[in-house]
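Undergrad: The chain contents come next:
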Amino acid sequence: MRFVDEYREPGAVLRAVDALKRASTRRWRIMEVCGGQTHAILAHGLDALLADAVELLHGPGCPVCVTPLETLDRALALAERPDVTLASFGDMLRVPGSRGDLFGARARGGDVRVVYSPLDAVALAERLPGRRVVFLAVGFETTVPAVAGALRVARARGLANFAVLAAHVRVPPALEAIREAPESRVEAFLAAGHVCTVMGTAEYEPIARRLRVPIVATGFEPLDVVQGAALAVEQLERGEARVEIQYRRAVRPEGNPVARALAFEVFEVVDRPWRGIGVVPAGGLALREAWAAFDAERLFPELAGEAPPEPAECRAGDVLRGVLRPPACPAFGTRCTPESPLGAPMVSAEGVCAAYFRYRVADPGGREAGVA
Amino acid sequence: MDRVGEGRGLSVCLAVPGRVLDVADEAGIRTARVDFGGVRKRICLETLPDARPGDYVLVHAGFALQVLDQAAAEETLRLAAEARVAR
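Residue numbers (the numbering used here), protein chains in the order written: chain A, 1 to 372; chain B, 1 to 87.
Be a bit skeptical, because a hint or two may be false.
Stretch-level coverage of chain A by chain B, calculated; a stretch enters the list once three of its residues show a Cβ under 8 Å from a Cβ in chain B [stated by the list, open to error]:
1. 9–17
2. 241–255
3. 258–267
4. 279–288
5. 291–300
6. 313–326
By construction, these hints were calculated from the structure, which means they are not laboratory data. Beta carbons: idealized from backbone N, C-alpha and C, even for Gly.
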């Protein structure tokens, strides 16, 4: 496929690896923020290819993984109501809440649907006028314009039976929290390319300056990740801390202003708990007051509960902050597997534990490519 | 394209490049038929008022988020071919 295959061409990737290694005089610690990048790194063995020059730390960029337990429990309670149809992205259905997952709710008779787009959930509400359709909206800034657009369509069509349970999260405050944490080992960030496609790079400028950390907006193919890391290494070698864009085919400094305006017409910045990390100030987006009629949190206040405790054995918080590598977790691959996960990072298509399990345990060739 | 999501249901942050075939107004929404290497889907084009047939767009959750910049795309490949880090 055009704009994909050419960025996976091994010769090009290896030449980019050479360029990075020539630029590097020591081993730098670089965090890739997005789970999509983590999967590219492990699937293609980029961590092993770069091991002399760069230690790649995996970041919290899996929105499914950081969705709080209380949100999942609320979605479960909604799915169990006889009048509700709950729709979400496929990844969300297997994430364990404190009392099971959404697949379990479906098995017990709940009406739970997988959709590709929030617009599909709006179409469901149109087709099922006798039911209340709730879309469980997770995702970073990338996904917010689509959810906001779906809400605008629902309002224009007068659909009183459509609502959104929003658990959107924002990347920049998470980068600050990670970099400022006492145990932080991160020397540079590869920012999530598709988030910057929408948001642009302006909000990263003060972070790079204040926290003296290079931030490179980076794509998701192997060549993108290696080039992004190389740009970060060049900055680190020169003692610089700037915002740069590697993923120039999809990221403009100004982002997509139309998409951003749509997102903020409907959503506003709020403090939000991230699963495994805790409350991140300004770390989330919630529906504005003007959209209260579509806000499942306001429509179903009886479902709000205390935050339940996390399973004690799951160390997802350490993994998501780049402090613990999944294979070093005592439960990894034994009591915690994709079939029977203790925590969200073992479930999601973007979860870092799932990536290690898939490419380094389940796939023997992947294991040979090797964890350092 | 299936690398991140394959066999695991839909992945939240995945965005996929596709080519705009034609643009239409559907019940007041600007949409496009987009070709993803043979698979065609109707996509919302509301946030890209300037996108037109022939453009490659980056699509996420049914919404086109950006027109891909072909010159920048080629430069990324040229830097790799020359084994250089930056412009």
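Undergrad: Of the hints stated earlier, which fail here?
TA: Structure breaks hints 4, 5 and 6.
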